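Trainee: Going line by line, the protein sequences match chains E and C. Plus 997 on top of the position in the first sequence (first one is 1) and you've got our numbering. Plus 1246 on top of the position in the second sequence (first one is 1) and you've got our numbering.
Read the hints as simulated data drawn from the structure, not as lab findings. Being a predicted model, the structure only gives us computed values, none of them experimental. Treat each hint with caution, since some may be false.
In the DSS-like style, the derived pairs of lysine-lysine whose C-alpha atoms are separated by at most 25 Å in a straight line are [said to hold, decoys possible]:
{"#": "1", "chain 1": "E", "residue 1": "Lys998", "chain 2": "E", "residue 2": "Lys1068"}
{"#": "2", "chain 1": "E", "residue 1": "Lys998", "chain 2": "C", "residue 2": "Lys1303"}
{"#": "3", "chain 1": "E", "residue 1": "Lys1096", "chain 2": "E", "residue 2": "Lys998"}
{"#": "4", "chain 1": "E", "residue 1": "Lys1014", "chain 2": "E", "residue 2": "Lys1054"}
{"#": "5", "chain 1": "E", "residue 1": "Lys998", "chain 2": "C", "residue 2": "Lys1259"}
{"#": "6", "chain 1": "E", "residue 1": "Lys1096", "chain 2": "E", "residue 2": "Lys1054"}
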Amino acid sequence: KNQVEQSPQSLIILEGKNCTLQCNYTVSPFSNLRWYKQDTGRGPVSLTIMTFSENTKSNGRYTATLDADTKQSSLHITASQLSDSASYICVVSPPNFGKGTSLLVTP
Amino acid sequence: KAGVTQTPRYLIKTRGQQVTLSCSPISGHRSVSWYQQTPGQGLQFLFEYFSETQRNKGNFPGRFSGRQFSNSRSEMNVSTLELGDSALYLCASSPESYTQYFGPGTRLTVL
């Protein structure tokens, strides 16, 4: 069964700190892995998309990594801002969705 | 370019009723996908339409149906509503590439 597991389920960090979100998957076949950011009350917005041959991709302060051998991905957020408070969703070979990590950045 | 629009944004129905949700994709996008999002299950894929044809379908009962028109606009219909159908219904459009652009969603509440 195709599964996408995200951890932690929720996270609280101080503004300015870094954090890393995890995504483990058992999806096969693999085509691509995406990270989305979803603000409360809004639809998800794409942050990064990685194919099998890519092991890192950045979008501003967001950096995603992919290890296709271990079937793991991470999303690293640098110098967090209050506006980073959102749910972060990992999607593998769509439409296999993780349940998301809820991030709260506090002053 | 205008983004993906969904109407209505909020909807309240009672059990047993039916509902139709509408999605207008970004101009030029031919693929439209529908998703159900609930706190417990996260995002779940309903179906995808491409050029008026259903290309993929998720694991939902037949009460959930959809269609796409020649202008790429799409509608989703849920018949015989159940309490568990209360959710945020998201529509996403894409050109023939990986990126999907989501609309703001329709929040459906079934009483």
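Trainee: Holds or violated: are the alpha carbons of Lys1014 of chain E and Lys1054 of chain E at most 25 Å from each other?
Mentor: Within the cut-off at roughly 20 Å; holds.
Trainee: Given the hint that Lys1096 of chain E pairs with Lys1054 of chain E, test it: the Cα-Cα distance must not exceed 25 Å.
Mentor: holds (22 Å)
Trainee: When you check the alpha-carbon spacing of Lys998 of chain E and Lys1303 of chain C, does it fall within 25 Å?
Mentor: Holds. Lys998 of chain E to Lys1303 of chain C sits at ~16 Å (cutoff 25 Å).
Trainee: Check whether the Cα positions of Lys1096 of chain E and Lys998 of chain E lie no farther apart than 25 Å.
Mentor: holds (16 Å)
Trainee: Compare the distance between the alpha carbons of Lys998 of chain E and Lys1068 of chain E with 25 Å, and conclude whether the hinted pair is satisfied.
Mentor: holds (14 Å)
Trainee: Holds or violated: Lys998 of chain E with Lys1259 of chain C, Cα cutoff 25 Å?
Mentor: Status violated; Cα separation ~34 Å.
Violated hints amount to a single one, hint 5; each of the other numbered hints is respected by the structure.
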